[in-house]
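Asker: Put together the whole structure using the sequences plus the hints.
Protein chains in written order, with our numbering: chain E, 1 to 287; chain A, 1 to 299.
There could be a bad hint or two in this list.
Chain E is faced by these chain A residues, among others (derived, beta-carbon under 8 Å) [as the list claims (entries may be wrong)]: (1) Leu-34; (2) Val-98; (3) Asn-105; (4) Leu-275; (5) Ser-282.
No lab work stands behind these hints, which were simulated from the structure alone.
By construction, the Cβ of each residue, glycine as well, lies at the ideal position given by its N, Cα and C atoms.
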Amino acid sequence: MEALLQTLVNGLVAGSLLAVPALGFSAIFAVLRFPNFAIGALATAGAYGAWLANVGLGAPIPVAVAIGFVVAGLAGVAVEFAALDRLGRAGHLMKAIGSLAVGMVLENVIRFAFGNDLKAFDLPLARDIVFGPVRIGPQQLASVGFALAAMAAFWAFLSLTSLGRSMRAVADNPNLARLKGVDPTVVALVTVFLGAGLCGVGGTLIGLDASLDPLTGGRILLSVFAAAVVGGLGSIPGAVVGAFLIGITEEMSSLALAPAYRLAVSFAVIFLVLSFRPAGLLGRAVR
Amino acid sequence: MLTYILFALVIGSIYALLAQSLMLSWGLAGLVNLGLAGFFAIGAYASAMATTWHHAPIPAGLAIAIIVGGAVGLLVCISTLKLRDDYLAIVTLGFAEVVRVVASNEVWLTGGTDGIPGVPVMVPRDLGLGFHAGTLAVVVVAVALVYGLQRRLLAAPWGRTLRAIREDQTVASVAGKSTVRFKAEAFCIASAIAALAGALYGHYTSYVAPDQFQPLVTIYIFLAVTAGGNTRPAGAVIGAYALVAFLEATRFLADLVPGLAPVQAASLREIIVGLGLLLVLSVRPNGILPERSQKAPAR
Chain E
1 MEALLQTLVN GLVAGSLLAV PALGFSAIFA VLRFPNFAIG ALATAGAYGA
51 WLANVGLGAP IPVAVAIGFV VAGLAGVAVE FAALDRLGRA GHLMKAIGSL
101 AVGMVLENVI RFAFGNDLKA FDLPLARDIV FGPVRIGPQQ LASVGFALAA
151 MAAFWAFLSL TSLGRSMRAV ADNPNLARLK GVDPTVVALV TVFLGAGLCG
201 VGGTLIGLDA SLDPLTGGRI LLSVFAAAVV GGLGSIPGAV VGAFLIGITE
251 EMSSLALAPA YRLAVSFAVI FLVLSFRPAG LLGRAVR
Chain A
1 MLTYILFALV IGSIYALLAQ SLMLSWGLAG LVNLGLAGFF AIGAYASAMA
51 TTWHHAPIPA GLAIAIIVGG AVGLLVCIST LKLRDDYLAI VTLGFAEVVR
101 VVASNEVWLT GGTDGIPGVP VMVPRDLGLG FHAGTLAVVV VAVALVYGLQ
151 RRLLAAPWGR TLRAIREDQT VASVAGKSTV RFKAEAFCIA SAIAALAGAL
201 YGHYTSYVAP DQFQPLVTIY IFLAVTAGGN TRPAGAVIGA YALVAFLEAT
251 RFLADLVPGL APVQAASLRE IIVGLGLLLV LSVRPNGILP ERSQKAPAR
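Answerer: See below:
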């Protein structure tokens, strides 16, 4: 029972960390209509940016997380407009394949610059906080706070600003949005910046939780896809719900299966959801 | 030096098989298989297990690989064929990762990360140069057989239907074609070809381990097929040999840059390959040999 409770808490922590990049992936999918396979590498790029700021320049963690957001956002915009945008003319599948190549280039640029060694953030050692049978690290708690703050800020942006409303309009019906005078290029730019930025925050938080290497982002790629597919591809609230479900499922599975199988659990979830309910929990019906 | 060239040609021929697999699924049917490395692995393991542990003859091993590859292909694609094409891309990408995880962790089934050593070879190894040349002959015959098969399929009504589905599913289904059935058949055959490539690869290196089936292989083949032309079997074959020449050239190129750590040299090569794919995709998306057909003018 105690183990179960602890696993549930771990799952909630993992889910909130996963929700941030899942939100970014889903936002990009909703507006630009292609699965961006580069998000893993973008998350890694953001995390290395944050790590450099933290360890190299001595920036405090909240500042480092913000820098992770900006670095990944700018990298996302750069690759979108340098490479992916022109592929889009040949269809969304070309863009998906191109994004896989972009991810590989980014990951190896990071490996070229920093090597394969594990990097750790400069964190004070701290004792776990104990609530009855459950323990949780103070850094984990802070990371959950950052994740919730990032999600809240994104939600506020979508519902309160006119740019956010334009984004939702394009996601809903691109032709109608264009007729109403929404500039698709601006919306795409903002979406990619915010989506990639959220991936950067996710990568940073995961790096804070454990350590950092060029594959940090790539390792969560399948879990992010699983979260987005469970929630319904392109659905913003779906991505968050999906991330918590995947986080908890993966942690629960670690009670019975070797940790390496987390990835297989994500895959099984993707496979089952697409077989039986392809629209996900909160998505619109898909063709 | 001759050994090196023969080695590169064998690898090129195995990549040519993989490229034909991708040409069939992606170029003809529009089904993006980002898990090519997974099917490659399945074939290698299926044949290696049958021949090494159960002492089946190599032709039986190859047949088993083809059957297992096709069956797994069917299973992987069947749930997403009614959905948008990007769903299959996500599922196949995940599939290749799962194959690697299972291969690394189920020691009882696959030998784990140590892999399967001592896989029987097709030509006796003590022939030296003859071993490489003989294997090359076998693999080239396989490429030629698959090439012939693809040409037949393409010229047949089946190939025409597939292209019609790729261009416009609605029109094809109004014409009474079951799009799901045709796509499933194409993906199944393509997976079987990739598995055959894997089996031949295992019987050449005589060793099969999870590390040989990195997602990188999939990217290589996408580069080969895009460069050669993704709708023509000849384009895929030419693209595969060109790819191996290009990969070997990047090896020398990375050696030319002074003062690189081995990790840096390896990552530099991958950067070049990734940029190469992006470049080919944006500059020559139809490849060296573009599709020959009476297509409507480009959109």
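Asker: Does each hint fit the structure? Answer for all of them.
Answerer: Results of checking the hints against the structure:
1. Leu-34: 7 Å, holds
2. Val-98: This hint holds: Val-98 of chain A lies near chain E, its Cβ roughly 5 Å from the closest one there, short of 8 Å.
3. Asn-105: OK, holds: Asn-105 of chain A within 8 Å of chain E, min 5 Å.
4. Leu-275: With Cβ-Cβ at 6 Å, under 8 Å, it holds.
5. Ser-282: At 5 Å from the nearest chain E Cβ, Ser-282 of chain A passes the 8 Å test, so the hint holds.
When each numbered hint is compared with the structure, no violation occurs for any of them.
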